[in-house]
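Q: For reference, the chains in residue letters:
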Amino acid sequence: MKKLLVIVLILLSACAAPWIESGGTYRALSHNFYVDIPQGWMRLNTERYLLISREGPFLQYVLIQDRPVDRSFRHTKKKLVKDMLPEEAAQVVIDEIVSDQTVVNLEVTENVPTEINGHDGFRLAFTYRNKDGLTLKTIYYGFIKGEKLYSIRYTAAKRYYFEKDIQAFETLLSSFRLIKAGAERTCAHHKNPFKLTRQYPYFYTDIY
Amino acid sequence: MRYVLSILVVCVTAGCVSTTNASPQAREAFVVEEDEKRLWQRSEEEQEVLNGSGLIYEDSILNAYLRKIAAKLQPSGFFSQVPFEIKVIKNPYLNAFAFPNGVLYIHTGILARMENEAQLAALLGHEMTHCTHRHALKTLRYLKDKTGFLIGVQAALREFGGVRDLGTLLGSLGSRAAISGYSQELEREADMVGLGLMVRAGYDPNEALKLFKHLKAELTEEKIKEPFFFGTHPKLQERMENCEDFLRNHDRDRETGVKNTEIFLTKIHKAILDNAWLDLRAGRFQPAQRGAEKYLRIKPNDAKAYYLLGEVFRQRGKDGDTKRAKAYYEKAVSLDPFCGDIHKAIGLVFYKEGKKTLARRSFETCLSLSPNRGDKAYILGYLRNCNP
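Protein chains in written order, with the working numbering: chain A, 1 to 208; chain B, 1001 to 1388.
Here chain A stands alone, though its shape is the one from the complex:
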């Protein structure tokens, strides 16, 4: 009975998914990258992504994700392929966003090739309105390496907050490195038996 109680408590604490105050180099071993987190930002890492924010994810956040190319998207049935051109991968990401009807008044303002610390990738910029009427702006960098799409995105309320932290994001981006180029991460499910069950706002889950 005591054991059961302990398990329940552990599971409950895992479900709470606490934010941790962070700053400095953070090595996401299970996601195969490291990055410098700005001082004073809060970190939340889950099995699927690393999320950081200064004032809370409804105002601004940076999300870094290593997404297996064969994982299905939520809104488009298109699939990524490991030898895709960056432009083709960018198109799949855009189509995923376009096919999500909770993202309204979407405007893709930029879709260009770029290099992300030695990796050929793409950079997207887009604005959209969420269901609460807030206009958000996102800068999305992505590249395919091995079996993964690595994405580093910054989203903030277009008014005031976006400009406020864009420099912090650019600094963070320049610090982004893969730990092992082309390495596959070990299965996170095996490392962490606690499944997150908390529901996060749709706009910063792994929908794209």
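Source of the hints: derived by calculation from the structure; they are not laboratory data. One thing to keep in mind: the hints can contain errors.
Taking lysine-lysine pairs in the PhoX-like style, the calculated list, with each CA pair at most 20 Å apart, reads [said to hold, decoys possible]:
#1 A:Lys145 <-> B:Lys1352
#2 A:Lys131 <-> B:Lys1090
#3 B:Lys1318 <-> B:Lys1299
With beta-carbon atoms standing in for the labels, derived distance ranges [what the hints assert, rightly or not]:
#4 B:Leu1369 <-> A:Glu21: 48 to 58 Å
#5 A:Thr25 <-> B:Arg1038: 30 to 40 Å
#6 B:Lys1299 <-> A:Gly118: 17 to 27 Å
#7 A:Glu55 <-> B:Asp1319: 42 to 52 Å
#8 B:Ile1061 <-> A:Lys164: 27 to 37 Å
#9 B:Phe1338 <-> A:Glu170: 49 to 59 Å
#10 B:Pro1337 <-> A:Asp83: 28 to 38 Å
#11 A:Gly56 <-> B:Asp1319: 24 to 34 Å
#12 B:Leu1369 <-> A:Thr109: 16 to 26 Å
#13 A:Asp70 <-> B:Asp1319: 10 to 20 Å
Footprint (simulated), chain B over chain A, 3 or more residues, beta carbon under 8 Å [to be verified]:
#14 45 to 56
#15 74 to 85
In this text the structure is predicted, and so the values were computed from the model without any measurement. Using N, Cα and C, we set each Cβ at its ideal position, and we do this for glycine too.
Chain A is already provided as a structure; the job is to place chain B on it using the hints.
A: Below, chain B without anything else, positioned relative to chain A:
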């Protein structure tokens, strides 16, 4: 299991709604009652969100046509009481729904799937009946003491594919109309009254059954539950049987009624192609191909439709698809040699095949035709890689 339970709750509770709470007033003076006014007001608020979302498909010719068909189905005087308005939503999934204040939303997906005006009349008749027979009001009155029910329904039904996103965007009224539908009894009433409306307007009621059959085929093909216009409450099969019963009882000696296929396809052809692009973006390659081919039957020499077919096969990327894509691009470029997009697509195929000279030629042609395109930076990168 959570979904199954949620759906069960929705079905059981909604299924209890009686059709006797508020009598149908389609042919009588439609006096808007107090609680109904609030319902209409709420509808307007939800519609404002939807109308400002950028999801509304704008085509003045199509809109005028839809209004005309709706007017054929309802007596003219009735429009002054329930101001019917029909809007089209850019969404490739098969659905249509009505708000209680007479505003109907039809997805491009279901429009593109229809074959003729009679099928459109069947759909409009069904949706208009939800308004004229006050199905939302009846449901509201039935549920008014069940706190939180609507919120629960909305949350549960968001989990359905296809339009769950739209459900998130809509409020509880829109979600009910668009996703959960009404009770079995009310949906049956909408089917039967809708069939009566189309017959009275001179349409062939057999087309309603064909629409059901198309939808059933779509559900099978997509291996999904599409619990929308025809998909739920009662089950599709049961509704098809109800429709067959109606047709058996319909006076066979009377004229069959019209289908108006040609005029219908003329009016909606643009939506067919635009919807096929939406299908492609959603990764629904087969419906996208079907849409483009349907469009080509209406406009046989349209370069853009051939280009779309090329894109379908290039992006699907199965064995033999590149060859098929190339053939469609070549057909497209023969019809319109001045379209930069087509040259770029051909260039991409050659580029990926390692045929750099051919790729360079296509990319250069593309940029000469549209020098300020948004993807110029990508093309310049390809050209750099094509240099010997």
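Q: Going through the earlier hints one by one, which of them does the structure break, listed in rising order?
A: 3, 5, 6, 8, 9, 11 and 14
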